Amino acid sequence: MKTRRIVSIITKEYIHIFRDWRSLIIIILMPILMIILYGYAITFDIKNLTFAVIDDAKTPESRELIRGFTENRFFVLKYMDIKRGEIEPLFKKRFIQMVIVIPKDFSESLISNRVTKVQLLVDAADSNVGTFIYNYSNRVIQLYNEKINFKTPGIVNLKPRILYNPDMKSVNFFVPGLVALILLLISALLTSIAITREKETGTLEQILVSPVHPIEIIGGKVIPYITLGLLNGTIILLFARFLFKVPINGSLFLIAALALLYIFVALSFGLMISASVKTQLVAMLETLMSTVLPTIMLSGLIFPVASMPLPLRIISKAIPATHFLIIIRGIMLKGVGFWELWQHAAALSAIGFVLLFIATKRFKMTLE
Amino acid sequence: MRQIFYLIQKEFRQIFRDKSMIGILFIIPLIQIFILGNAVTTDVKNIKLVVQDQDKTPYSRELLRQFIHSGYFKINGIEEDYNKLSSYLDSGKANLVIVIPKHFQRDIVLGNKPDIQLLVDGVDGNSSGVSLGYVNDIMQNYQERLIEHLPELSLQIKNMHRVEAEPRFWFNPNLESKPYIVPGIIALILLVITLFLTSMGVVREKEIGTLEQLMVTPIKSYQLVTGKIIPFCILGLLEIMIGMGFVYLIFGIGIKGSFFLILFESLIFVLSTLGLGIFISTISDTQQQALFMAWFFMIFSILLSGFFIPIANMPPVIQQITRLNPLRYFIVILREIYLKGTSLKDLIPETLSMITFSACLFFAAVIRFKKKLG
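If you're matching them up, the sequences are chains A and B in order. Under the working numbering, the first sequence is numbered contiguously, ending at residue 370. Under the working numbering, the second sequence is numbered contiguously, ending at residue 380.
Hints are computed from structural coordinates only; laboratory data are not their basis. Treat the hints loosely; a few may be bogus.
Said to hold, decoys possible - Straight-line Cα separation of at most 30 Å, DSSO-like style, residue types lysine-lysine; simulated pairs:
| no. | chain 1 | residue 1 | chain 2 | residue 2 |
| --- | --- | --- | --- | --- |
| 1 | A | K85 | B | K262 |
| 2 | B | K51 | B | K99 |
| 3 | B | K262 | A | K95 |
| 4 | A | K280 | A | K363 |
| 5 | A | K171 | B | K99 |
| 6 | A | K119 | A | K106 |
| 7 | A | K49 | B | K51 |
| 8 | B | K226 | B | K16 |
| 9 | B | K54 | A | K161 |
| 10 | A | K80 | B | K184 |
| 11 | A | K95 | B | K351 |
| 12 | B | K346 | A | K119 |
| 13 | B | K54 | A | K319 |
| 14 | B | K184 | A | K95 |
| 15 | A | K161 | B | K51 |
| 16 | B | K16 | A | K161 |
| 17 | A | K119 | A | K49 |
| 18 | A | K60 | A | K149 |
| 19 | B | K212 | B | K16 |
| 20 | A | K80 | B | K346 |
| 21 | A | K161 | B | K212 |
| 22 | B | K80 | B | K119 |
| 23 | A | K94 | A | K49 |
| 24 | B | K346 | A | K49 |
| 25 | A | K95 | A | K85 |
| 26 | B | K80 | B | K90 |
| 27 | B | K99 | A | K247 |
| 28 | A | K363 | A | K201 |
Note that the coordinates shown come from a computational prediction; the quantities given were computed from them, not determined experimentally.
Whenever a hint applies, use it, and build me the whole structure from the sequences.
In structure tokens:
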């Protein structure tokens, strides 16, 4: 292996990258836009839930109950006294999300019966919103009950303490995930495309007949993308740290070291794919379908792995990002060290070696 | 007409010449639907719980029993040493630690309101919010049951007159997240496949030089564009039909509304993604560039579509930006038709917005395409 040859391949690849400034801008810009979007975009309480009332009672008591809903920042009253036949069209037009039906004998029943039922018709197409509406309505009704009776005394005090992310800010959760996603994207997708491009245009064969060793070719092609990935990761972390004040409690050195390990795994994946496909389109679609989407969905980037059914929880263990997410979130937010994370580092290495093994086998086959 | 027909034939041959395309187009999306349909859940389950019970009385044990009984928690350990508790959270062996203090039972009986300490892993803010909600519910239940054992309070409670909600969950009585999420996945896959196929397909011909060969033939450029569009429309519709059939077979999620309405709306949507795809191909020179542009648009259409994050949860400025996103409308339309059986009449605003986008993107694409070639 000659360093001069590797260096010239690396230079060639850099020229490829920089010549295509549009792609470069996207590579740099995309994570920044994503951070800004995720940093500002998400709140988890839903406001402005629209509702209508069918008040068959029309008594001071029923009006008082309705006031409980309207004087609440979660609900917005849209219609009073609609007909029952109008409920479904209004749901379908998405004008309202809930209808409260107060029975005719509401006030009498409040005096004579211990429990008076009020119907809540909820548009539960989105189960999440449906649950939300129900819970908030219950809270409003609870307040009403306390007003007409007395406050139910608590027997126990609950003293929750939120660790690591006391304000439960979504940006603290998403930014480390973004690093994982971008590193994977650049390492797996770009390398698989870069190598397949040479195959497709026939230049790979030209290089192969030259005295350059295949390892030098691959190393030379891969190193520029590693630096690109690391650069991108750094940009994300800088933005996160200084614009959104995401804490980095652990060791930066440990982040960098384990990020390199993760990049190695992602590169092996890219190599494995590029070894078996012929065109860039197929390489891209395969990488997209087999690495990027599962990473977004199954690694715990957005949806918690623990809530998935058992087979998927097992599959998620084979996805590199699952481990890297635990590692980077652990280091950044919890400030833990290698000792708490070594199992995940070991899992990453194992996955990486398996992928690399398959990749070299496949490469040998295609070259022969 | 014949020329267009030949072009379509050529396009299909080109797509299917690579055998792996069949897998990519028809098999991988099904696997995706299957996995994603199971993975994407907004529910929070299997919360890892570590307990320290310093009291060990019937009351404290009853509280723990309620935690286990709720089905949301999984007890991952019982720790006697207070100083070791945080290490469970550090290593991820616990998401939640609950500490029941000494004299818990005695303090309740005496009315001293004992403190229950909770340590919550707040890394995933959303999930920890939800698990705190569960804890609150459990505590509420627990206290209601305890009150029966405290004579003075229980008498007061018995004399209460209260209002109770009687919920009816329309369109989704069991409050499942799947029927809501799965149609969205179909939309995502349709977007990914059509956008990438067109944007990269056209650039590929450019890169290899076959596009120029086509240009010197007497084919007119509108014929060329039509010849590109029709095969991808057909593929897109095929894709969505297979997707819908699969969703029905695997998840048992059927369409409440009209099947043909879905096809009609899909066609409009696909025209917008194809328009975008061709537009991307006209502004990029290599497949890699096209890939990145397509990727860029894809990520942001998905993020701003309301698929992951409900649009209502976004800040007002970003909510306005989402109006520029055809996928946003398409997902609403699919969900409405799937879950509520909404008819075209009630989907007119969304449909019109999609048509506007499709038309704009399409004309932009055709104009750029002509310019580029002419």
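Comparing the hints with the structure gives:
About 24 Å separates the Cα atoms of A:K85 and B:K262, which keeps this hinted pair within 30 Å; it holds. Straight-line distance between C-alpha atoms of B:K51 and B:K99 comes to about 15 Å, which keeps the hinted pair within the 30 Å bound. Only pairs whose Cα atoms come within 30 Å are accepted, and B:K262 paired with A:K95 is accepted, the gap being roughly 16 Å. As the CA atoms of A:K280 and A:K363 are separated by approximately 16 Å, the hinted pair is consistent with the 30 Å bound.
For the suggested pair A:K171 and B:K99, the alpha carbons sit about 22 Å apart, so the restraint of at most 30 Å is met. Distance check on the hinted pair: A:K119 and A:K106 sit about 11 Å apart at the alpha-carbon level, within 30 Å; holds. The straight-line distance between the Cα atoms of A:K49 and B:K51 is roughly 25 Å, inside the 30 Å bound, and the hint therefore holds. Of the supplied pair hints, the one linking B:K226 and B:K16 holds, its CA atoms being roughly 16 Å apart against a limit of 30 Å.
This hinted pair checks out: B:K54 and A:K161 have alpha carbons roughly 19 Å apart, not beyond 30 Å. For the hint pairing A:K80 with B:K184, the CA-to-CA distance comes to about 29 Å; that is within 30 Å, so the pair holds. Taking the CA atoms of A:K95 and B:K351, the gap is about 9 Å. The hint holds against a cut of 30 Å. Proximity of B:K346 to A:K119 is assessed by CA-CA distance (about 26 Å); at most 30 Å being required, the pair is judged to hold.
Under the criterion of a C-alpha separation no larger than 30 Å, the hint pairing B:K54 with A:K319 is consistent with the structure, at around 17 Å. Between B:K184 and A:K95 the CA atoms are separated by roughly 22 Å; this keeps the pair inside 30 Å, and the hint holds. The hinted pair formed by A:K161 and B:K51 meets the criterion: a straight-line CA distance of about 22 Å does not exceed 30 Å. For the hint linking B:K16 to A:K161, the alpha-carbon distance of about 69 Å lies beyond 30 Å, and the restraint is violated.
About 25 Å separates the Cα atoms of A:K119 and A:K49, which keeps this hinted pair within 30 Å; it holds. With a C-alpha separation of about 19 Å, the suggested pair A:K60 and A:K149 falls inside the 30 Å cut-off, and the hint holds. A C-alpha spacing of about 16 Å is found between B:K212 and B:K16, which places the hinted pair at or below 30 Å, so the restraint holds. As the CA atoms of A:K80 and B:K346 are separated by approximately 21 Å, the hinted pair is consistent with the 30 Å bound.
Between the alpha carbons of A:K161 and B:K212 the distance comes to roughly 65 Å, so the proposed pair goes past 30 Å and is violated. Proximity of B:K80 to B:K119 is assessed by CA-CA distance (about 27 Å); at most 30 Å being required, the pair is judged to hold. In summary, the hint linking A:K94 to A:K49 is supported, as the alpha carbons are separated by about 20 Å, within the 30 Å threshold. Taking the CA atoms of B:K346 and A:K49, the gap is near 23 Å; set against the 30 Å cutoff, the hint holds.
Proposed proximity of A:K95 and A:K85 is supported: the alpha carbons are some 16 Å apart, at most 30 Å. Proximity of B:K80 to B:K90 is assessed by CA-CA distance (about 19 Å); at most 30 Å being required, the pair is judged to hold. A threshold of 30 Å between alpha carbons decides the hint, and for B:K99 with A:K247 the separation of about 27 Å falls inside it, so the pair holds. The hinted pair formed by A:K363 and A:K201 meets the criterion: a straight-line CA distance of about 17 Å does not exceed 30 Å.
Hint check: violations occur at hints 16, 21; the rest are consistent with the structure.
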